[in-house]
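As you go down the protein sequences, you meet chains A and B in turn.
So for the first sequence, our numbering puts the first residue at 25; every next one is plus one.
So for the second sequence, our numbering puts the first residue at 25; every next one is plus one.
Rather than coming from a laboratory, the hints here were simulated on the basis of the structure.
Be a bit skeptical, because a hint or two may be false.
Calculated cross-link-like contacts (lysine-lysine; reagent style DSS-like; alpha-carbon spacing at most 25 Å) [as the list claims (entries may be wrong)]:
(1) Lys137(B) to Lys560(B)
(2) Lys420(A) to Lys412(B)
(3) Lys419(A) to Lys394(A)
(4) Lys560(B) to Lys170(A)
(5) Lys161(B) to Lys59(B)
(6) Lys419(A) to Lys420(B)
(7) Lys423(A) to Lys420(B)
(8) Lys419(A) to Lys440(B)
(9) Lys419(B) to Lys419(A)
(10) Lys59(A) to Lys394(A)
(11) Lys560(B) to Lys161(A)
(12) Lys420(A) to Lys420(B)
(13) Lys394(B) to Lys412(B)
(14) Lys412(B) to Lys412(A)
(15) Lys560(B) to Lys59(B)
(16) Lys423(B) to Lys420(A)
(17) Lys423(A) to Lys161(B)
(18) Lys560(A) to Lys170(B)
(19) Lys59(A) to Lys170(A)
(20) Lys419(A) to Lys412(B)
(21) Lys440(B) to Lys423(B)
(22) Lys420(A) to Lys292(B)
(23) Lys419(B) to Lys292(A)
(24) Lys560(A) to Lys292(B)
(25) Lys59(B) to Lys412(A)
(26) Lys412(A) to Lys524(B)
(27) Lys423(A) to Lys394(B)
(28) Lys394(B) to Lys441(B)
(29) Lys412(A) to Lys560(B)
(30) Lys560(B) to Lys560(A)
Now the stretches of chain A that chain B is said to cover, found in silico as 3 or more residues with beta-carbon under 8 Å [to be verified]:
(31) 132-139
(32) 241-251
Glycine residues also receive a C-beta, built at the ideal position from the N, C-alpha and C atoms.
Each chain, written out:
Number of protein chains: 2
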Amino acid sequence: MKDNKKATAPDWVNIPPAPHTFRSIFKWGAPDEFKHPNAGFLAVVSDALGLADSRFQATGDTGEEPVSCEIPSRLSRGDADTLAAIVGEENFSFGDYDRLKYSTGKAMEDILKLRAGMVDNLPDMVLHPRDQSDVEKIVSFCHEKKIPVYVYGGGSSVTLGLECNHGGVTLVMGTHMNRMLAFNEVNRTITVEPGMMGPAYEDLLNNAPEQLGAAHRYTGGHFPQSFEFSSVGGWVVTLGAGQASSYYGDAYDLVVSQKYVTPAGTFKTLDYPATATGPKVNDIMKGSEGCYGVLVAVTMKIFRYRPENSRLFALMFPDWESGVNATREISQGEFGMPSIMRISDPEETDLGLKMYGIDDSLLDRFMRFKGMQPGSRCLFIGQADGEKGFARNVKKNVKQIAARHGAMYLTAYPMKKWMHGRFSDPYMREDLNDFGILIDTLESSVTWDNLHQLYQGVRTYIKQHAPIICMTHASHFYPQGTNLYFIFLAPMNDLTVFRKFQRGIIEAIVQHGGSLSHHHGVGRMMGPWMERHLGKEQMNILRAVKDHLDPHDIMNPGGTLGLDG
Amino acid sequence: MKDNKKATAPDWVNIPPAPHTFRSIFKWGAPDEFKHPNAGFLAVVSDALGLADSRFQATGDTGEEPVSCEIPSRLSRGDADTLAAIVGEENFSFGDYDRLKYSTGKAMEDILKLRAGMVDNLPDMVLHPRDQSDVEKIVSFCHEKKIPVYVYGGGSSVTLGLECNHGGVTLVMGTHMNRMLAFNEVNRTITVEPGMMGPAYEDLLNNAPEQLGAAHRYTGGHFPQSFEFSSVGGWVVTLGAGQASSYYGDAYDLVVSQKYVTPAGTFKTLDYPATATGPKVNDIMKGSEGCYGVLVAVTMKIFRYRPENSRLFALMFPDWESGVNATREISQGEFGMPSIMRISDPEETDLGLKMYGIDDSLLDRFMRFKGMQPGSRCLFIGQADGEKGFARNVKKNVKQIAARHGAMYLTAYPMKKWMHGRFSDPYMREDLNDFGILIDTLESSVTWDNLHQLYQGVRTYIKQHAPIICMTHASHFYPQGTNLYFIFLAPMNDLTVFRKFQRGIIEAIVQHGGSLSHHHGVGRMMGPWMERHLGKEQMNILRAVKDHLDPHDIMNPGGTLGLDG
């Protein structure tokens with residue numbers, strides 16, 4: 025099968041999708057950016073999935089037709105006029121394309137549906153609020169009229185979190201509500217509107233001396249894979265975690281305070297760094313995924329931007345168990361956490377070495393000579409940040425612990441390769457999809473003592489659906505546990521088959537003691553498992569808050585968080 | 025006035041209180057332990073407060089009479105019998121002494137009342153539940169009969185948090201529910217019943233190899249001043265912070281999961297180290313001060329016990345502003361946090377130097393020579409913990425930053441002196457009280473940019489009540505802010521005068537933008553300010569949770585957290 029490497033590359037779609045097509049909605053990232061699978065990667069995939077050469081000769085549904093759905097808006101003329109008057113000219117739309125675009129996320133299910141031209145769960149009207157006052161008027165009016173209110177941030181939800189399955193309106197936060205509201209260098213905080221996108225947020229902080237008159241450069245420390253196409257508000261309301269969360273914290277940790285507009289009123293939580301004043305409303309609202317109200321401002325912690333202090337590292341472990349044990353020891357070492365750590369299982373390691381061009385290199389031959397064999401060896405990459413002496417000490421401890429667990433130091437080269445692709449890998453998804461190969465992910469958090477059971481249980485389920493590739497890694501670390509991230513590739517393009525398979529993975533995660541989500545959120549996808557996962561008593565607490573803040577169930581209704589049916 | 029130093033020491037009470045006396049309830053700590061103010065300290069206090077020598081010739085109310093209150097239990101015979109049958113023989117009491125003891129905390133108001141023989145707010149019956157099942161039966165029965173349920177942990181509340189002002193029953197958790205339930209070295213967690221006291225908890229962890237068969241020794245990292253006489257459950261439900269919280273985290277941070285018995289059912293929150301599954305019920309319950317249910321088990325994070333890695337330090341700053349600026353820079357330095365940091369204002373510094381015997385020493389003369397003058401200089405003490413290289417790097421950075429702000433390094437001596445008295449200083453309170461001198465504290469958290477306003481505003485109010493000593497320090501640090509802790513001493517023993525004065529300090533804290541509490545909790549003392557502090561909308565969220573979990577308002581009713589009237 026190695027001959028595939030020499031074969032002509034498939035005829036990847038390499039032009040930006042035409043405006044108003046289905047593809048322009050589901051294509052990842054910038055319309056004119058592409059990252060096609062390289063030959064090594066494609067060879068392994070073809071080999072593992074037993075794909076015939078003919079597989080890459082013709083594409084399936086590519087979604088290049090214009091959107092047309094002819095689902096009429098169900099809003100009354102009077103209600104629509106009132107809402108239009110609130111946001112003003114040019115800030116509302118009833119068009120099919122807008123209604124579809126702003127209710128679609130980036131879940132594989134979304135994509136399969138759009139490729140097939142299936143449209144449902146549209147809002148009746150799209151609104152682009154200009155400020156908090158607009159949001160207050162919209163929520164107040166919709167509360168009175170019992171019109172559902174959905175919120176669209178960056179659109180990168182992979183949990184069906186954006187579906188407007190009860191109609192109503194969706195609020196697009198990125199159009200206007202993307203401004204900085206305050207910068208406080210003394211307190212190390214920044215306050216922004218929720219629609220500010222990742223790159224704008226990070227650029228502002230990196231260039232704080234020039235743009236904000238600050239004494240230093242800063243970083244938000246939050247870099248999810250969707251960083252370029254997700255919003256600060258989205259990070260907060262879905263509890264995202266960036267690739268450097270082990271050091272900087274996840275969105276839950278990064279939030280200092282929030283302001284929400286709810287049917288029960290507008291409020292801003294307190295800014296104290298710590299308090300003993302009862303249960304923290306700031307924490308009750310985090311992760312509420314639009315079901316309790318609309319986030320209109322958020323104050324976040326910021327950190328010094330000192331890339332010159334970063335210390336990269338990469339190591340190879342002889343096997344998964346020694347790699348996991350080492351990462352646990354690192355996480356419990358009390359020398360501070362690396363910002364980035366990623367331990368790949370043997371399957372991901374082997375594929376990664378091919379993607380990074382390390383497979384069959386001199387380095388690879390040396391690794392094999394040292395006993396690091398394909399099918400067993402596990403790649404561990406990472407980075408330490410923070411103050412210079414701190415970062416140096418973290419890396420020193422990481423290397424010492426890894427060595428005690430039999431690891432071989434690989435220089436920083438594989439880490440640099442990973443960093444190069446860290447935000448662009450999702451571009452490959454469309455290419456594979458075009459030829460009927462599905463690539464998707466699910467993830468979970470887990471305590472250390474249950475990691476191997478979860479790993480085995482979920483992979484066993486996934487592997488029953490051969491031919492399939494399942495790459496697994498842990499990438500977010502805590503003294504008490506970590507996450508497991510499952511990436512699966514299979515020749516599969518039937519929505520029903522995919523849904524059944526994918527829901528089966530969620531079931532396997534829950535059955536084997538993983539959390540329903542480590543950092544993707546719940547949305548409508550994981551919603552049906554919530555009551556079983558948390559228990560009836562705890563779900564009813566979340567519902568009690570919901571009933572209080574949103575008695576008419578207008579805020580993101582229809583299954584998100586499992587709050588309603 | 026320096027002559028006072030040579031005067032004979034006052035005739036401090038130096039015998040354990042007799043059983044069943046008021047004094048046996050309010051005396052701090054162990055009945056047979058004492059720590060009398062030393063001559064240097066007493067001289068400064070007398071000088072500052074303008075006390076005549078005659079002040080220490082005769083004591084006031086010392087509370088040495090036996091408790092006798094003759095307030096009948098209002099429970100019906102039938103209800104009392106049912107409750108007695110639940111907990112079994114010897115696990116209930118209707119006695120005056122027990123009812124008073126288990127509804128009294130250690131607030132100055134509690135003490136002044138007991139010294140005056142004032143008794144009110146008693147429970148009708150004291151229960152000592154044996155396990156979760158007992159608690160479930162009690163809560164279920166009391167819910168049905170609308171009998172108030174209070175909870176008593178270690179009894180160190182300084183917020184009137186233990187008053188049973190609606191009668192009913194109080195549950196004493198320390199009698200039986202003080203056991204370890206699980207120890208998980210892989211996950212670095214321990215699960216205990218809430219009534220386990222600080223020293224038992226810490227001893228178990230320190231001796232984990234011998235007592236639990238562990239590979240290492242551990243620490244809970246939580247050392248409030250009340251450590252010896254407070255319970256793990258109390259730390260959690262009131263959101264306490266230990267003296268080392270800047271590194272280990274406060275009780276909010278230390279909790280992994282909790283199990284609660286509520287009128288709406290029993291539930292245990294999830295153990296995942298991080299999740300993106302909506303608002304976290306674990307966090308909704310933390311700090312609920314008994315108003316949402318009874319904590320019956322808690323899983324806490326644990327840390328390696330490696331005192332050999334501790335690095336102590338002490339420095340003197342020329343003034344408060346430079347000291348504050350340095351602690352801010354340390355807290356934002358991103359080299360990890362020291363475990364202990366305490367910057368004392370000039371008034372506390374001067375008194376502390378006398379208490380520690382440094383005043384007028386060779387060191388003191390050298391400090392003055394270096395420009396560190398009494399009335400301006402500020403003592404900064406602390407400690408770094410964690411992995412050896414980490415602790416070393418923290419101390420190195422602390423010293424460098426402090427030097428840049430004009431500090432003089434003092435060796436670790438003052439820090440050692442502070443550590444020696446860190447848990448025993450409260451014993452001096454009774455001695456001073458016996459002679460009509462009140463010593464009390466209030467504390468608040470604050471963002472860095474508001475620290476000086478809060479400091480000035482509160483101290484200005486306090487200083488209006490001359491003669492008075494007000495020592496102030498910051499001792500819990502975060503990148504976004506810190507706390508301020510106000511300790512005041514005054515000749516004052518009238519309850520009404522004291523209450524008015526003390527409530528005025530709370531008002532001054534709120535008016536100047538401090539939080540209502542950094543780590544003492546809310547209780548009934550701060551309760552009346554809660555709605556103003558959080559705003560109506562946020563209070564109503566806390567009330568919505570209350571109404572759901574405890575629809576009959578039987579859980580710690582009567583003003584705690586400001587939830588009810």
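Hints, verified against the model:
| no. | hint | verdict |
| --- | --- | --- |
| 1 | Lys137(B) to Lys560(B) | violated (33 Å) |
| 2 | Lys420(A) to Lys412(B) | holds (12 Å) |
| 3 | Lys419(A) to Lys394(A) | holds (23 Å) |
| 4 | Lys560(B) to Lys170(A) | holds (24 Å) |
| 5 | Lys161(B) to Lys59(B) | violated (43 Å) |
| 6 | Lys419(A) to Lys420(B) | holds (18 Å) |
| 7 | Lys423(A) to Lys420(B) | holds (23 Å) |
| 8 | Lys419(A) to Lys440(B) | violated (33 Å) |
| 9 | Lys419(B) to Lys419(A) | holds (19 Å) |
| 10 | Lys59(A) to Lys394(A) | violated (34 Å) |
| 11 | Lys560(B) to Lys161(A) | holds (20 Å) |
| 12 | Lys420(A) to Lys420(B) | holds (18 Å) |
| 13 | Lys394(B) to Lys412(B) | violated (32 Å) |
| 14 | Lys412(B) to Lys412(A) | holds (16 Å) |
| 15 | Lys560(B) to Lys59(B) | violated (45 Å) |
| 16 | Lys423(B) to Lys420(A) | holds (23 Å) |
| 17 | Lys423(A) to Lys161(B) | violated (54 Å) |
| 18 | Lys560(A) to Lys170(B) | holds (24 Å) |
| 19 | Lys59(A) to Lys170(A) | violated (45 Å) |
| 20 | Lys419(A) to Lys412(B) | holds (14 Å) |
| 21 | Lys440(B) to Lys423(B) | holds (17 Å) |
| 22 | Lys420(A) to Lys292(B) | violated (39 Å) |
| 23 | Lys419(B) to Lys292(A) | violated (38 Å) |
| 24 | Lys560(A) to Lys292(B) | holds (11 Å) |
| 25 | Lys59(B) to Lys412(A) | violated (45 Å) |
| 26 | Lys412(A) to Lys524(B) | violated (51 Å) |
| 27 | Lys423(A) to Lys394(B) | violated (45 Å) |
| 28 | Lys394(B) to Lys441(B) | holds (22 Å) |
| 29 | Lys412(A) to Lys560(B) | violated (46 Å) |
| 30 | Lys560(B) to Lys560(A) | violated (29 Å) |
| 31 | 132-139 | violated (count 0) |
| 32 | 241-251 | violated (count 0) |
Violated hints, listed in ascending order, are 1, 5, 8, 10, 13, 15, 17, 19, 22, 23, 25, 26, 27, 29, 30, 31, 32; each of the other numbered hints is respected by the structure.
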